[in-house]
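J.: Chains as they are written, first to last, in our numbering: chain B, 1 to 143; chain F, 1001 to 1222; chain C, 2001 to 2307.
Certain hints may be false.
What the hints assert, rightly or not - Below are the DSBU-like pairs computed for lysine-lysine, each with C-alpha atoms no more than 30 angstroms apart in a straight line:
#1 C/2270 with C/2244
#2 F/1168 with C/2221
#3 F/1206 with C/2133
#4 F/1040 with B/83
#5 B/83 with F/1007
#6 F/1040 with B/54
#7 C/2276 with C/2066
#8 C/2241 with F/1168
#9 C/2244 with F/1168
#10 F/1207 with C/2032
#11 F/1065 with B/54
#12 B/84 with F/1123
#13 F/1020 with B/54
#14 B/54 with F/1007
No lab work stands behind these hints: they were computed from the structure.
Predicted model only: the values in this text are computed from it and were never measured.
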Amino acid sequence: MTEMQERCLALFYCQQVPGNSDQERLAIEKRYGRTIRLFPIPCSGRLEPIHLLKALESFADVAYVVTCPEGECRYFEGNSRAKKRVERTRTIIRDIGLEPERVGIIAGSKEHPKSLGEVAGEILESTSSLGFSPVHNLGFAQK
Amino acid sequence: MITAEQKPIEEIREMIAPCKRVLALGCGSCVAECAAGGEKETAMLASALRMAGKMNGEEIQIVEKTIDRQCVKEFVIQLDDVIESYDAILSLGCGAGVQAIADMYPEVPVIPALNTEFMGETKDRGVWVESCIGCGDCMLYFFGGVCPLTRCSKHLLNGPCGGSMDGKCEVNPEVPCAWQLIIDRLTNLGALDRLQMIYPPKDWSKKQGAGPRKIIKEDQQE
Amino acid sequence: MSNLKKVLENGQFAVTAECGPPKGSDAESVLKKAEFLKDKVDAVNVTDNQTAIVRMSSLAACSLLKTGGFDPVLQMVVRDRNRIALQSDILGASALGIRNVLCLSGDHQIFGNQPQAMGVFDLDSIQFVQTVKTMRDNGTILGGDVLNMSPDLFIGAAANPFADPFEFRVVRLSKKIRAGADFIQTQCIYNLERFEKWIHMARDMGLTERTSIIGGVTPLKSTGMANYMKNKVSGMDIPDKLIKRMKGVSKDKQREEGIRISVETIERLKEIPGVKGVHIMAIEWEEGVGEIVERAGLLPRPGYDMT
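Next up, chain B with everything else stripped away, as it sits in the complex (with noise of 0.2 angstroms):
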């Protein structure tokens, strides 16, 4: 009797985005169980690819990163470094023929902000069609 696999994100947020309070984080777990596994960080610019590999290498069949809005990031460049190393890590996933898109950036909207819940839900939609990750998942790769 095979167990129903469930898809796994890796979302990695700064603590400037909103929502992320100990009790919404809480209510996150609780509504998507193991579909969603948080990692707060003190600045997206703390984020460093090899976050993202290693996400992508264990467990995760998709990671993103959401930052502030552009321009106001707290320590100023943050969220821009943050879209660089996304840049890196989707270039070096590339190279081994796992889709870029399984790595992603969601900056914040000054004008509309959404909650951490909101937003994580959101990724989940737009990545639904890539699927279970070839990496730990041979059997459902897509190829």
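Chains F and C: place on chain B using the hints.
T.: Positioned in the frame of chain B, the structure of chains F and C alone reads:
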């Protein structure tokens, strides 16, 4: 420092293909400074290689380790205890590091993960430029601290050539003409007359006279 | 005997032209091309793998021209040969009766059809001039070994008044002269104001007395060519007013306009003190040289006994 860049991952995978257990060895010196083979980059490469292995149903184990310098025996010796357990060492050191490891452990295949490039400086964060070719007979005094052998595309000692335009080299408009830099620098220092002299042909035997060069300092030996 | 040297020594306005060797081993084609220049010029420059494109060697082509009764100027770049080969070729050239050599750096190898080649540049052009002079006047090669017969060569170097930095160009010219350059051929002149400024500076330094400066002229064939040279070739200075002038005539009249401009330039050069001749570089248009020389009032050329 010595700069290098990682080889395309396809090329690396081809070289490690026959192996089952590989040690990805980083170096904490030059290649860490130019973000090619330090601890961070070693972790990234190892992770990517493991994922690629999994995706292709390959049974390959990649273990990471970084030592301070791969080109110094005292640091390399740290591997004595662990070397037996690996089929190969994937070195993220420069060419000197790769060879030092290979010389130390001739029975273990040592595979280069990087293409070593040049001796240069960190001009800016994320920007490295070549500045020295190791000619063995430094003339930087005469040229105001700008090396014409390295930075002039034709390594002229009595430049500039006729292709210098707007301070740029004819070979690539993004490359500054070294001779324009030399002239500007010496002018600033009030020493432009240093260029009146006809500099004689370079003694290349100091660089390539008798095989790979060697330095011995007896007072430093055991 | 170098005919070019004789003409200059006699105080006559010299005329030289360029002839590029073929991209193959056809000896006949060399002489066929040069026929257009017979009796129109005092000496013929043969280029050395120009723009780093492989062609028949300049030395071989010069030797062929010698059999045709021309006075060749052997152009030698330092890009492709080390000091051993350069000195060796100098000895060989002299042995073959070649009496003029032009010592050049050479266009970087990246521009040609062998971009993966190593660029040698063991000597630079100034060191090369000095080496040839020492071989000729002292009978020794680099390092001091004595030659059993010195080469007999009239030594030339190139100058580019249109490259940067402008002020330093004359300093470099003085180095070339000190190194032993008997004559200087310049890059092609379109901007006469800048050229005059440069030669004025050279005169002030007494350089025009110590060497023979020969101004370069290249006839424009079309606006396309003018634009290409202006934008794509390093070290060229083509004023907008010339481009305008070329544009102002219909396509079939552009060659004629180009020739007209060249003739005007030569007329001007004849008037400038310190300019001892003109070097016409009519790339793949050797037939045009005769017309330009004639219209500039430079015919007939003094005929000399070429023994």
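J.: Now look at each hint and say whether the structure bears it out.
T.: Hints, verified against the model:
no.: 1; hint: C/2270 with C/2244; verdict: 25 angstroms, holds
no.: 2; hint: F/1168 with C/2221; verdict: 28 angstroms, holds
no.: 3; hint: F/1206 with C/2133; verdict: 26 angstroms, holds
no.: 4; hint: F/1040 with B/83; verdict: 18 angstroms, holds
no.: 5; hint: B/83 with F/1007; verdict: 24 angstroms, holds
no.: 6; hint: F/1040 with B/54; verdict: 12 angstroms, holds
no.: 7; hint: C/2276 with C/2066; verdict: 24 angstroms, holds
no.: 8; hint: C/2241 with F/1168; verdict: 25 angstroms, holds
no.: 9; hint: C/2244 with F/1168; verdict: 27 angstroms, holds
no.: 10; hint: F/1207 with C/2032; verdict: 47 angstroms, violated
no.: 11; hint: F/1065 with B/54; verdict: 16 angstroms, holds
no.: 12; hint: B/84 with F/1123; verdict: 20 angstroms, holds
no.: 13; hint: F/1020 with B/54; verdict: 21 angstroms, holds
no.: 14; hint: B/54 with F/1007; verdict: 21 angstroms, holds
In this structure, the one hint that does not hold is number 10.
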